[in-house]
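Using the sequences and the hints given, assemble the complete structure.
Here is how the chains run, residue by residue.
Protein chains: 2
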Amino acid sequence: MTTVLEVNLVILELRLCQREASIIVEALINEVIAEKLDIENISSTSNTIRIADLGCASGTNTIFATQNIIEVVEKLYRSKGFESKIPEFQVLFNDLPTNDFNTLFTSSLPSENNYFVAAVPGSFHGRLFPESSLHIVHCSCGLHWLSKVPEEILNKDSPAWNKGKIYYTSASDQVADAYASQFDRDVDNFLNARAVEMVSGGLMLLLTIAAADGVSRSEMPQGWVHDAFGSSLMDMAKEGLISEAKVDSFNVPIYIVRPNDMVRAVERNGCFSIERMQLTDPLLKIDEPLDMHASVTHTRAALGGLIAKHFGIEKHFESEIMDEMFDRFDKKAVVFSTMEPRYKKNIVLFVTLKRK
Amino acid sequence: MTTVLEVNLVILELRLCQREASIIVEALINEVIAEKLDIENISSTSNTIRIADLGCASGTNTIFATQNIIEVVEKLYRSKGFESKIPEFQVLFNDLPTNDFNTLFTSSLPSENNYFVAAVPGSFHGRLFPESSLHIVHCSCGLHWLSKVPEEILNKDSPAWNKGKIYYTSASDQVADAYASQFDRDVDNFLNARAVEMVSGGLMLLLTIAAADGVSRSEMPQGWVHDAFGSSLMDMAKEGLISEAKVDSFNVPIYIVRPNDMVRAVERNGCFSIERMQLTDPLLKIDEPLDMHASVTHTRAALGGLIAKHFGIEKHFESEIMDEMFDRFDKKAVVFSTMEPRYKKNIVLFVTLKRK
Numbered sequence: 001m002t003t004v005l006e007v008n009l010v011i012l013e014l015r016l017c018q019r020e021a022s023i024i025v026e027a028l029i030n031e032v033i034a035e036k037l038d039i040e041n042i043s044s045t046s047n048t049i050r051i052a053d054l055g056c057a058s059g060t061n062t063i064f065a066t067q068n069i070i071e072v073v074e075k076l077y078r079s080k081g082f083e084s085k086i087p088e089f090q091v092l093f094n095d096l097p098t099n100d101f102n103t104l105f106t107s108s109l110p111s112e113n114n115y116f117v118a119a120v121p122g123s124f125h126g127r128l129f130p131e132s133s134l135h136i137v138h139c140s141c142g143l144h145w146l147s148k149v150p151e152e153i154l155n156k157d158s159p160a161w162n163k164g165k166i167y168y169t170s171a172s173d174q175v176a177d178a179y180a181s182q183f184d185r186d187v188d189n190f191l192n193a194r195a196v197e198m199v200s201g202g203l204m205l206l207l208t209i210a211a212a213d214g215v216s217r218s219e220m221p222q223g224w225v226h227d228a229f230g231s232s233l234m235d236m237a238k239e240g241l242i243s244e245a246k247v248d249s250f251n252v253p254i255y256i257v258r259p260n261d262m263v264r265a266v267e268r269n270g271c272f273s274i275e276r277m278q279l280t281d282p283l284l285k286i287d288e289p290l291d292m293h294a295s296v297t298h299t300r301a302a303l304g305g306l307i308a309k310h311f312g313i314e315k316h317f318e319s320e321i322m323d324e325m326f327d328r329f330d331k332k333a334v335v336f337s338t339m340e341p342r343y344k345k346n347i348v349l350f351v352t353l354k355r356k
Numbered sequence: 001m002t003t004v005l006e007v008n009l010v011i012l013e014l015r016l017c018q019r020e021a022s023i024i025v026e027a028l029i030n031e032v033i034a035e036k037l038d039i040e041n042i043s044s045t046s047n048t049i050r051i052a053d054l055g056c057a058s059g060t061n062t063i064f065a066t067q068n069i070i071e072v073v074e075k076l077y078r079s080k081g082f083e084s085k086i087p088e089f090q091v092l093f094n095d096l097p098t099n100d101f102n103t104l105f106t107s108s109l110p111s112e113n114n115y116f117v118a119a120v121p122g123s124f125h126g127r128l129f130p131e132s133s134l135h136i137v138h139c140s141c142g143l144h145w146l147s148k149v150p151e152e153i154l155n156k157d158s159p160a161w162n163k164g165k166i167y168y169t170s171a172s173d174q175v176a177d178a179y180a181s182q183f184d185r186d187v188d189n190f191l192n193a194r195a196v197e198m199v200s201g202g203l204m205l206l207l208t209i210a211a212a213d214g215v216s217r218s219e220m221p222q223g224w225v226h227d228a229f230g231s232s233l234m235d236m237a238k239e240g241l242i243s244e245a246k247v248d249s250f251n252v253p254i255y256i257v258r259p260n261d262m263v264r265a266v267e268r269n270g271c272f273s274i275e276r277m278q279l280t281d282p283l284l285k286i287d288e289p290l291d292m293h294a295s296v297t298h299t300r301a302a303l304g305g306l307i308a309k310h311f312g313i314e315k316h317f318e319s320e321i322m323d324e325m326f327d328r329f330d331k332k333a334v335v336f337s338t339m340e341p342r343y344k345k346n347i348v349l350f351v352t353l354k355r356k
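So the sequence lines, in the order shown, correspond to chains A and B. All letters in the first sequence, in the order written, are residues 1 to 356 by UniProt numbering. All letters in the second sequence, in the order written, are residues 1 to 356 by UniProt numbering.
Since the list can't tell identical chains apart, any single copy or any two copies may satisfy a pair.
Here are the simulated DMTMM-like cross-link-like pairs (lysine to aspartate or glutamate), alpha carbons at most 25 Å apart as the crow flies:
no.	residue 1	residue 2
1	Lys148	Glu112
2	Lys75	Glu131
3	Lys80	Glu131
4	Lys354	Glu88
5	Lys345	Asp281
6	Lys356	Glu88
7	Lys345	Glu219
8	Lys85	Glu131
9	Lys238	Asp323
It should be emphasised that the hints constitute simulated quantities derived from the structure, not laboratory data.
If you want it as structure tokens, here you go:
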């Protein structure tokens, strides 16, 4: 099984999410915490505010986000006259057990913090924290990662078999449905676990790659890029350079989330209210061309290990086959550098939920 | 500064502490939890029992101890008719940020647990956890490690300069006093931090290498072994093989704790009651000879990095100088293999404190 963390950041996601997105979303988070966090209630029941950061990776990006959250909460306490009751903060950094927590602790975290640090290994699709222990949950660019590639798209006998493609946006409806169903199962597991772990009144701040409800699958730029890579792989398979069966069984486990997916998931769960949901555009310079060469290089660094494992390639940093894959990808992807600005808009979804 | 973790396990400690000691001490822990843990109070105030394991290293040994603690607490809930109120457990594994937490998460921990896991990086001589968040604190073979070598014993102009030795048990009173004062400062910091972090009624279970109050420094076998190594190093310095100044500035940051040290520390702190304090003997086969060759090999594995760094030795696994150091140490240490049983007794201190 390909793990979520092995597949790390994919082209557009690399540009859309993480630090750049965080800067844009910081303002949204600040606003939503100031409006929605009920500090009177929290300060009467706890001396500690626990913040979970789900999918922290090595922390480089998410540490800024959690520090910002702490600053906003402290400011809120002061502005409401609760200065003497400012709580202690504990940030619980979560990612899969195979994540490099050593780097998080030794390189990413500042040596002096105004909060307590803990790392929690495990999948956020299941329980990770004790009952009613979390006040704020932050998950930036985590929830769109599927826990696994949907089984039916790997099954030759299924109508959802995703032959010749590595993604769902230009595939058959059956493939797209399989992705959507997997996302539904995953987000249900995610919300069920958090519903137990969060205190009443706790806030959840989610950021995912997204598309507006009205946008068709074929209009999603995240899909174009995966298709360009898939097409490069298929060309190579047809030339006998790599195994076609291996291309057929390779799929990118990322789902492009629509607002409606989240609305329905929250309704199914029943324990949260939607306090805010908006599509946003985290690209700082929306009219400038994208540097697709750099993006392809990043993708090779991020996906190289997974691809090498899947295709049975040894020494993938020096592999001619890998060079070929990414050279071809680079040539195909470069056309997206001048992508129309409208395709760069509304590609990130910011959702704030409150535990009832 | 030499960090506590770089210096890992030293000869006798290797035999006296960790897994073997845990087996012996397990019975003591089971007894003390059954007698002293006030589950009626805990179950009325919290749905979660948080257990901190301080100085966990890669977890191989302490995981058994914490799992045992959880089993005993669950048994206690059942035996007292609180079966329906059995809480969730969270184990917070602590060690210095440079500890290998990745190995703890990927190799040591079972993939399925009946408790939530978190890792907390930092020195246990300072605050690590939020206020009133811990119910049980377990620290096996951690507290006797000094946070640093006392400064005065490194100062040529001080009467406490520890010239020609690497330990305090056969050194001047000034050196011994410097070690004792450093331990006092460290244990004060330790207890002050835990006093804030533990709930009222919380239990602290401590295990340290020790000597009875009446035993003179020169009778402590832990000291003999360090002296044997120090003497090997001094021989080599006299022969010009290594720098004498480097030997003078190398000191093992371990303090052999006497019951009285703990009694006085608990009194100075004032927030804990001593529920149990006893010297014990964790060696399973007290009449059998010790395998000192194996112990020297383990010591090289554990101390090699630190010694290489201190003496400026590159590639210490292939170093002739290191071979020489440990060959000489081996020859000197072998005499302790037939150590009289009386010297193997009462060398571990088990202390149970309760937060008032």
